[in-house]
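Peer 1: Given next are the chains, with one letter for each unit.
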Amino acid sequence: MSSTFFTASPHWRWLIVAYFFFGGLAAGSYFLATLLDLFGKDRRLVRLGYLVAFPVVCLCGLLLTADLGRPLRFWHMLVQSETFRPMLKTYSPMSSGAWALLGFGGCAFLSFVAVLVESGWFDWPALRRLSAPSPVGRVVTVIGTFLALYVAGYTGVLLAVSNRPIWADTTLLGVTFLISAVSTSAALLILLGGWGGVTGDSIHALERFDRAVLVLELLVIGALIVSLGRVAMVWLNGWGVLLVAMVLGGIAFPLVIGARPSVRGSLAPVLVLAGGLVLRAVIIFSSDGLR
Amino acid sequence: MYPRSMADSDCIVIQGSNMAECHPVAFRWPMQAKLKGAKLIHVDPRFTRTSAMADIHAPIRPGSDVAFLGGLIHYVLASERWNTDPFFKEFVVHYTNAATIVGQDFKGTEDLDGVFSGLMQYTPSIKEWPLDGFVGQYDVKSWQYATSPPARPSAPPPAGPPFDPLVRSLLTPPPRRDESLQDSHSVFQIVKRHFSRYTPEMVERVTGCPRETFIQVAETILANSGRERTTSFAYAVAWTQHTNGPQMIGCCALLQLLLGNIGRPGAGVMALRGHASIQGSTDVPTLYHSIHGYMNHPSALKGHESLRDWLHAETTARGYWANTPKFMVSYLKSMYGAAATKDNDFGYDWHPKIIGDHSHLPMFVAMNEGRVKGMLCVGQNPATSLNASVERKGLARLQWLVVKDNWLTETATFWKNSPEVTSGQLRREDIQTEVFFFPSAQVAEYEGSFTNTQRMLQWHYKAADPPGDCRTDLWLTHQLARRLQAMYADSTLSRDRGFKSLTWDFDADDPRERERGEPDALKILKEINGYATDAPGRHLAGFGDLKDDGSTTCASWIYCGVFPAPDRNLAARKQPDPPNTPGAQLDWGWAWPANRRILYNRASADVRGKPWSERKKWVWWDGARWTGYDVPDFAPTKAPSSKATPGAIGLDALSGSDPFIMKPDGVGWLYVPSGLADGPLPVHYEPAESPVVNPLYRQQSSPVLKHWTLAGNQLAPVGDARFPYIITTYRLTEHYLSGAMSRWNPWLTELQPEPFLEISPELAAEKGIANTGWATISTPRGRVRAKALVTRRLRPFTIDGRTVHQVGLPFHWGYQGLITGDAANELTALVADPNVSIHEGKAFVCNVEKA
Amino acid sequence: MAEPMGFFTDTTVCIGCKACEVACKEWNQLPAANGGVRTLSGDSYDNTRQLDGIHWRHVKFIEQFSADRRQGRWLMMSDVCKHCVHAGCLEVCPTGAIVRTEFDTVDIQSDACNGCRDCIGACPFGVIDINPVSGTAQKCTLCYDRLKGGLEPACAKACPTQSINFGTIVDLKKLAQARLGTLQRAGETRASLYGADEHMLGGLNSFYLLVDRPEVYGLPTDPKIPSRNLKPSAIWSVFGSVALTLMAMVSFRNRGTRDV
Ligand SMILES: Nc1nc2c(c(=O)[nH]1)N[C@H]1C(S)=C(S)[C@@H](COP(=O)(O)OP(=O)(O)OC[C@H]3O[C@@H](n4cnc5c(=O)[nH]c(N)nc54)[C@H](O)[C@@H]3O)O[C@H]1N2
Ligand SMILES: Nc1nc2c(c(=O)[nH]1)N[C@H]1C(S)=C(S)[C@@H](COP(=O)(O)OP(=O)(O)OC[C@H]3O[C@@H](n4cnc5c(=O)[nH]c(N)nc54)[C@H](O)[C@@H]3O)O[C@H]1N2
Ligand code: SF4
Ligand code: SF4
Ligand code: SF4
Ligand code: SF4
Ligand code: SF4
Ligand SMILES: [Mo]
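Residue numbers (this note's numbering), protein chains in the order written: chain U, 1 to 291; chain Y, 1 to 851; chain W, 1 to 260.
Bound conformation, chain U alone (with noise of 0.2 Å):
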């Protein structure tokens, strides 16, 4: 029996599904805007990343501080409560995190204030300098998206990095949050993206990169099924249904549904995010549960 087995669980429920979900969706937005803008050409999605990245890392900020047991503690993860000295373990994936999470959330409040800036809500010369192309906002967006890649990728290795089943038994999670995290920002960039009226050629170019991603998350799902060995075993009741269903739903008929432009519309997006947020909440879950 694997010895992940004899653990405790968390209870780590909704709050950090919510979280996983969400931070990949900010952190996958802000690397979809700087790479669209690096190497796109339409900035209105660009735009739209960076708008969606900052609220929802806030909202991220609140999900985390709501779920701890002393919330008002919530700087004891930055600093130490004793001696007010910065607190910092690289090798623990949540220390490391919440200043990944934090510096990631600078810049995408930077990045924001520069599309603020650039759509002209509101102009402050200075803050100019912010907007890409000019040098300085090219740093933060380069800087926040390689924090955005830690953000969207270190909730899966926080996970491993225990003795959990499932979490600690494969080390496939945090790659596939990561992927995940794309999978599901394109699928909301799509959709907002839609609604806001961006159509035509930038649109397709992310749902074919987004069914790209899809087909890389299935052979990374499958990859992480079969990691398991015989703990996946674990999955064999209603988590398992549920991470069929996401697997089937959420991935697999998206991608065909996708792929004939006939049927193009909300359904795809709507069900990738919906799967994104299946797959973790089935991945949390289905360990809780155990002891």
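Take the hints with a grain of salt, since some may be wrong.
Pulled a few chain U residues facing chain W out of the computed Cβ check, cut under 8 Å [stated by the list, open to error]:
hint	residue
1	L32
2	S81
3	M87
4	G174
5	V213
6	N237
Straight-line distance between alpha carbons at most 25 Å, and here's what the computed SDA-like set of lysine to any residue pairs gives [what the hints assert, rightly or not]:
hint	chain 1	residue 1	chain 2	residue 2
7	U	K41	W	M247
8	Y	K547	Y	T637
9	Y	K416	W	V37
10	Y	K767	W	F65
11	U	K89	U	V17
12	Y	K547	Y	P566
13	Y	K353	Y	P285
14	Y	K850	W	S44
15	W	K174	W	R190
16	W	K224	U	K41
17	Y	K36	W	V37
18	Y	K39	W	L193
19	W	K224	U	L290
20	W	K231	U	V17
21	W	K231	U	M1
22	W	K157	Y	D577
23	Y	K36	W	S44
24	Y	K500	Y	Q699
25	Y	K500	Y	T637
26	W	K174	Y	R28
27	Y	K850	W	T39
28	Y	K416	Y	R28
29	Y	K850	W	L40
30	Y	K574	W	G150
31	Y	K462	Y	E434
32	U	K89	W	S227
33	W	K231	U	I221
34	W	K231	U	L228
35	W	K173	W	D222
36	U	K89	W	T101
37	W	K174	Y	T581
38	Y	K850	W	V37
Quick caveat, the hints were computed from the structure, so don't treat them as lab data. In this text the structure is predicted, and so the values were computed from the model without any measurement. A virtual CB, placed ideally from N, CA and C, is assigned to each residue, including glycine.
On the provided structure of chain U, position chains Y and W with the ligands as indicated by the hints.
Peer 2: Chains Y and W with the ligands in isolation, oriented as in the chain U frame:
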């Protein structure tokens, strides 16, 4: 013996107790022995936490202990080892009454198919109250020893004090002996014949214990008895709570005497007492039938008319009890002080006399009959004990009830939420009992002494004031005594003379305690210890100082010496022996008698006074005096070779090799000619209720047991098909007795939160009962609900070729507390053994159904 | 640092009295679950079931009986935090609330903990949980406060049979070896020490003598440190990042021009 001595045992048999669960702290000593290589044996119907620690668990059907022990006796007597090792012969011939010849009139159970000679119908005397409950009675005349010339007709008792002539007048000719043990009327031959039926096959048939297991137990005990090794037994209430409980204990003592396992380190029969100071409460007695120090209570039924009559009836001329007049007179002096004089028999006439069995069960029967007006219930919770429904109905017929307790117990609230009231059987407004609740102080809130299971007094100090109105139990007694004295002060009735003369000078000197009305515990200890009557500042140093002329005052002779000087309270000593030295920790507390730890320890040396072996030395003769690790239980300078003085009384009547100095013949009794109501030898009887027909004799159960016939106390007939299963009740480590002290404590309640029935998977399957599913358990007296705990720790027995199921029910629940549940005692009956009136809570019959 | 201290728990002499469980609660003033009002678990005599934020000691009961009762054992074991030399809980704690003390024990400083619960899943033995009263993660402190005052831990003090032995790790290991030898000589071939050497998480400062496989006692045979997964997880994630970036570059390269 005492628990610490168990660490010196080479084999420990725990039978009749679940020691690990009920005496976990004392159980450290068996565990230490085990770590040193001793064998642990647990004989118990269930596999318990004690069994888990044992090398051998021997399962036996509840109530079949005499069959098992009798089997051991048979096995030992037939064994090669016992018959070839000279140690056993020497011990048995010299230290027991094996060689004594019993009178020709005696007939045993072999002759009379399960009863002894002398069995009669029970005939209550006119003076007796009618609630004694006996179903039969023995005339013990035919059980007596044979004496050479016929016993002298007793002359009228001479006057005294001093009472020596009176004692001398009680001398009877010494019994005849045959040291070859061949005489067919010798105790040894009688014992051998008596147990001849108890073969291993019979043991298996009666007890259900597999033969191999029984033989393994027997061999282990044999291998661990002798010069070099000792075996001890420990029991508690799984031996007492039977209609033949004292016989089980006696049977064990018989076996241990045969094996030379008495009076030696790591040997003996360990009686594990229940409550913290239950030993103390029988020493300074709350027992109805004895006064301090195990002297019989003056009784209207026993020819106790005058002091001289009492002494005549209660004193034995030979052995230490020859000093009884000194104990009694000093006791009376303690009761009545200056008013007690030679001329008025030291106030003996003022002393109350008993008129029958006034123990717990008959008192509640009397309540049910409306014979009792009021009850002071101090530290007891009868509303859930022993046929609880009958007991509560008794409470409901009282005019007043005082409950003094730390908690609002079931007894205190019976009028409000007992099952009779909630079911509508009794209406609140019909219960006339006026209930007074006195909140009680806890032990850490006052000072005093505990007497633990090794007869050791240990002083405890006050750590905090009791909260609010809480008062000690001493306070209640003290205040009652003072107020009653004031009430009787002007009485001219002769029956009130005793109360008027009572000495009662226990007011606290400490002004704060005095203001609270609390007495001074040290003053009480002094009264118990005793002092010179005319110089109260001079405490007595030991019971050797007691006089029968009124010059000494002592409430309890056995405690004399605990407080030998005003500044020396020996109970307060806390000086352990240095580590790894053999010893008896004599500077820790004080154990009665005379700070002795192992009783009859003269037996730890051979006839010549030499230790039986280096490994097992304890007390020995050094050429001039007795010495050793313990206080010798012998006249300190009486040489082993000294002979008994013919015609002498007291210890002079015993020889230097008679270790059992409390016995008139100085030896341990295999055969008990007097003192027991149910026979001189133990017999296997079935419990009052049993699904099994006694496989050994025609006599089914004890012919002299007690059963009170009143509504709600019916017994199921033998083999009643409506109640096919054996049920036994017991404790869990996690709870305490009626639960009053544990079911209010969340740390304990979470450990065992709900009442449960332990049941084997076999019976559970038969009855369709699932683990943690509810079950209903019923007896002719009542029914309870409990959750099933299905476990292989319980097993069905094969008795006489037939499967007999047993179930087990812990009895800690009731209707008060954080967690509540049905009390097991809704099921039990008021039946008891004839000697000490202890109920049979360990073996009765029931039915079990899925609820 | 003072000498490393810890426990050697000899399960073969545990009588399951739970005195340790209660003594711990009393000393540390831990509440009972649901105010003490619970339901019967049906799992032998174990009704508290687990170590958690309000049960820092827990006594396990394992019934092993053959159907004919010829073979029968009732194993009992008092479980507690292992005070691992390589402690998973300590490793992951993001606030630094979990520290190694001068006695080489692992302690959670409740006033620093913010209740993130990362440590709970990190412990290979399921020792930690939240204490609902404090809202923080709690577990056995090895009675740090008592050790500071020169007292032995409350549980060890209460244990009537010396099942819980407290002392320096050096002494305890000697004691454990001796006891193991005695048992093995007496024919108890299944006896073994659990966590008494460095192979297990660098050594458990609270180690055990068992007479069956660890799983039987609810202990992992091969407990691991959580950070074993850190590097591989991180590498996979980096691969993923690179892959996603490349895919995005390819997908987005000069896209969207037509609509601008
Ligand atoms: N934790 C705890 N400790 C206690 C108490 C408590 O309530 N809780 N009560 C205290 C008191 S007052 C007392 S008197 C003692 C009692 O101490 P014990 O006598 O040791 O306790 P019990 O649990 O009543 O019974 C012991 C065992 O007797 C077995 N048994 C039942 N019938 C028979 C039989 O016929 N023969 C044999 N050989 N065994 C049988 C039962 O299976 C049970 O395991 O415990 C004291 N200690
Ligand atoms: N079926 C069945 N019935 C049994 C037994 C059995 O084995 N089976 N065992 C029997 C035995 S051995 C016993 S000893 C009895 C016990 O039966 P009880 O003595 O009736 O039960 P306890 O719960 O011990 O009651 C003691 C009361 O004293 C209170 N108390 C504690 N300390 C103090 C104090 O300092 N002062 C005062 N005033 N009160 C205090 C407690 O709160 C509690 O209410 O039960 C007997 N009943
Ligand atoms: S409760 Fe008291 S008497 Fe009973 S085992 Fe514990 S310490 Fe001994
Ligand atoms: S046992 Fe668990 S809680 Fe204890 S030190 Fe080890 S990892 Fe931490
Ligand atoms: S719950 Fe407390 S102790 Fe545990 S990891 Fe979080 S901050 Fe550290
Ligand atoms: S060492 Fe202290 S905190 Fe730890 S289990 Fe024992 S009593 Fe509880
Ligand atoms: S106190 Fe000792 S014997 Fe009792 S359960 Fe705990 S470890 Fe076992
Ligand atoms: Mo008792």
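Peer 1: Each hint: holds or not?
Peer 2: Hints and how they fare:
no.: 1; hint: L32; in the structure: 7 Å, holds
no.: 2; hint: S81; in the structure: 5 Å, holds
no.: 3; hint: M87; in the structure: 5 Å, holds
no.: 4; hint: G174; in the structure: 4 Å, holds
no.: 5; hint: V213; in the structure: 7 Å, holds
no.: 6; hint: N237; in the structure: 20 Å, violated
no.: 7; hint: U:K41 with W:M247; in the structure: 16 Å, holds
no.: 8; hint: Y:K547 with Y:T637; in the structure: 22 Å, holds
no.: 9; hint: Y:K416 with W:V37; in the structure: 23 Å, holds
no.: 10; hint: Y:K767 with W:F65; in the structure: 21 Å, holds
no.: 11; hint: U:K89 with U:V17; in the structure: 24 Å, holds
no.: 12; hint: Y:K547 with Y:P566; in the structure: 20 Å, holds
no.: 13; hint: Y:K353 with Y:P285; in the structure: 15 Å, holds
no.: 14; hint: Y:K850 with W:S44; in the structure: 20 Å, holds
no.: 15; hint: W:K174 with W:R190; in the structure: 19 Å, holds
no.: 16; hint: W:K224 with U:K41; in the structure: 49 Å, violated
no.: 17; hint: Y:K36 with W:V37; in the structure: 41 Å, violated
no.: 18; hint: Y:K39 with W:L193; in the structure: 24 Å, holds
no.: 19; hint: W:K224 with U:L290; in the structure: 18 Å, holds
no.: 20; hint: W:K231 with U:V17; in the structure: 24 Å, holds
no.: 21; hint: W:K231 with U:M1; in the structure: 24 Å, holds
no.: 22; hint: W:K157 with Y:D577; in the structure: 20 Å, holds
no.: 23; hint: Y:K36 with W:S44; in the structure: 30 Å, violated
no.: 24; hint: Y:K500 with Y:Q699; in the structure: 52 Å, violated
no.: 25; hint: Y:K500 with Y:T637; in the structure: 45 Å, violated
no.: 26; hint: W:K174 with Y:R28; in the structure: 22 Å, holds
no.: 27; hint: Y:K850 with W:T39; in the structure: 18 Å, holds
no.: 28; hint: Y:K416 with Y:R28; in the structure: 43 Å, violated
no.: 29; hint: Y:K850 with W:L40; in the structure: 17 Å, holds
no.: 30; hint: Y:K574 with W:G150; in the structure: 22 Å, holds
no.: 31; hint: Y:K462 with Y:E434; in the structure: 33 Å, violated
no.: 32; hint: U:K89 with W:S227; in the structure: 12 Å, holds
no.: 33; hint: W:K231 with U:I221; in the structure: 20 Å, holds
no.: 34; hint: W:K231 with U:L228; in the structure: 17 Å, holds
no.: 35; hint: W:K173 with W:D222; in the structure: 20 Å, holds
no.: 36; hint: U:K89 with W:T101; in the structure: 19 Å, holds
no.: 37; hint: W:K174 with Y:T581; in the structure: 23 Å, holds
no.: 38; hint: Y:K850 with W:V37; in the structure: 24 Å, holds
Hint compliance for this structure: hints 6, 16, 17, 23, 24, 25, 28 and 31 are not met, and every other hint is.
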